[in-house]
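Participant: Sequence:
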Amino acid sequence: QYTFFLIKSVTTMPFPLKEILVMHIVMRRLLVMYCSLAVLVVTSASQMVITTWSAERFQSATERAWKTLRDSDDRIESLLDGLSECERLQCDGTVGFGGSPDESGETRLDALIFDGPGHKMGAVGSLRRVKSAARVAYAIMKYTKHSFLVGEAATKFAIEMGFKEESLSTNHSRRIFEDWLANKCQPNFRKGVVPDPRSHCGPYKPAELEQQCPEGGESCSKLERLSHDTIGMITVDSNGNIAAGTSTNGATHKVPGRIGDSPIPGAGAYVDNEIGAAAATGDGDIIMRFLPSYQAVESMRSGETAQKATEIAILRISKIYPNFSGALIAVNKNGEYAAACHGMPSFGYSFRDSYSKGVLFRDA
Numbered sequence: 005q006y007t008f009f010l011i012k013s014v015t016t017m018p019f020p021l022k023e024i025l026v027m028h029i030v031m032r033r034l035l036v037m038y039c040s041l042a043v044l045v046v047t048s049a050s051q052m053v054i055t056t057w058s059a060e061r062f063q064s065a066t067e068r069a070w071k072t073l074r075d076s077d078d079r080i081e082s083l084l085d086g087l088s089e090c091e092r093l094q095c096d097g098t099v100g101f102g103g104s105p106d107e108s109g110e111t112r113l114d115a116l117i118f119d120g121p122g123h124k125m126g127a128v129g130s131l132r133r134v135k136s137a138a139r140v141a142y143a144i145m146k147y148t149k150h151s152f153l154v155g156e157a158a159t160k161f162a163i164e165m166g167f168k169e170e171s172l173s174t175n176h177s178r179r180i181f182e183d184w185l186a187n188k189c190q191p192n193f194r195k196g197v198v199p200d201p202r203s204h205c206g207p208y209k210p211a212e213l214e215q216q217c218p219e220g221g222e223s224c225s226k227l228e229r230l231s232h233d234t235i236g237m238i239t240v241d242s243n244g245n246i247a248a249g250t251s252t253n254g255a256t257h258k259v260p261g262r263i264g265d266s267p268i269p270g271a272g273a274y275v276d277n278e279i280g281a282a283a284a285t286g287d288g289d290i291i292m293r294f295l296p297s298y299q300a301v302e303s304m305r306s307g308e309t310a311q312k313a314t315e316i317a318i319l320r321i322s323k324i325y326p327n328f329s330g331a332l333i334a335v336n337k338n339g340e341y342a343a344a345c346h347g348m349p350s351f352g353y354s355f356r357d358s359y360s361k362g363v364l365f366r367d368a
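For the sequence shown, the working numbering begins at 5 and goes up steadily by one.
Treat the hints as calculated values from the structure; they're not laboratory data.
A couple of the hints might just be wrong.
What the hints assert, rightly or not - Computed cross-link-like contacts, EDC-like style, restricted to lysine to aspartate or glutamate with a CA-CA straight-line distance of at most 20 Å:
#1 K124 to E110
#2 K188 to E60
#3 K361 to E60
#4 K168 to D183
Stated by the list, open to error - Ranges of calculated distance between the beta carbons of each label pair, as one might list FRET restraints:
#5 G122 to S306: 41 to 51 Å
#6 E278 to D78: 18 to 28 Å
#7 S50 to R305: 14 to 24 Å
#8 P207 to I324: 46 to 56 Å
#9 K124 to C205: 38 to 48 Å
#10 G244 to A186: 47 to 57 Å
We put the beta carbon where it would ideally sit given N, CA and C, even for glycine.
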């Protein structure tokens, strides 16, 4: 068998614009995905795991998910094991406990589990004092007729379901919070309030109109553009059934109670078992306004490749928010997988299937 790679030239590629390279190589898998490089991989359907980001701990989460999938062919348990591994490892400080404290210094968690067969999902937002956000989201799907629980009530539900209650703060997250206070609460997500959020901490009150941020401004103070590194993961079993999910501790210094895109179906992740799946990462406050995961799946339904579908979804966001930073991964029912991004030089993601000897990736 052969794997075919079609690499499209673009102005940012390190070889001539008009050059088209078609490689027929006797090997099972190779994955390279840059933000500026489109790669179409055509293979027969097989078990697979695809994960946003390619840093070492995200690779570890991918490998953990793969081992479960390989041994059990259970797409959901594979997904849960992979996301839970990232939570345990505190991937990049943006997943799991001990990271991204809010304005009050507390770490809260968001997660989503979406299963293709039956179009089932469970999500949790602003989860407090319970580390296993992904498994709490799954418990919501499994043990309730609801789809989404949030805040303190979600914590109460988790404890009822047997989850351990414990602090999500660590010395690291407390230090982040203390340094933020010492820096006059910079950066922050406030706008149109007094005292001036660009130079003062709260409490805040609404300001007069002329004191507000410019129309379309996301914040009155400068925020780190690449501080939203949610894990998004897609798993496919040997029957071609698909599951997807996310886990994150959200944006650092967020307003308490804020929920980003990660647990929102269609934004953080989305699955249609007859079509494919997608998962997003990046600026969640912007992402959730466009439902790019849903858009990518719908584009694939209309006949677009996984690559084109991710590009369409990201382009819709960047047209309105040119300073947006985020990325999207997708896989279709034929086993084609791809990614696209905006606002970063490149974007690496992790991949594993039955033909690869280990996690395949390319760092940004």
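Participant: Does each hint fit the structure? Answer for all of them.
Facilitator: Checked hints:
1. K124 to E110: Violated: K124 and E110 sit about 30 Å apart, past 20 Å.
2. K188 to E60: Violated: K188 and E60 sit about 34 Å apart, past 20 Å.
3. K361 to E60: Distance ~16 Å between K361 and E60 Cα, so the pair holds.
4. K168 to D183: 30 Å, violated
5. G122 to S306: 41 to 51 Å: 23 Å, violated
6. E278 to D78: 18 to 28 Å: 20 Å, holds
7. S50 to R305: 14 to 24 Å: At 22 Å between Cβs, range holds.
8. P207 to I324: 46 to 56 Å: 32 Å, violated
9. K124 to C205: 38 to 48 Å: 43 Å, holds
10. G244 to A186: 47 to 57 Å: 53 Å, holds
Checked against the numbered hints given earlier, this structure breaks hints 1, 2, 4, 5 and 8; the rest are met.
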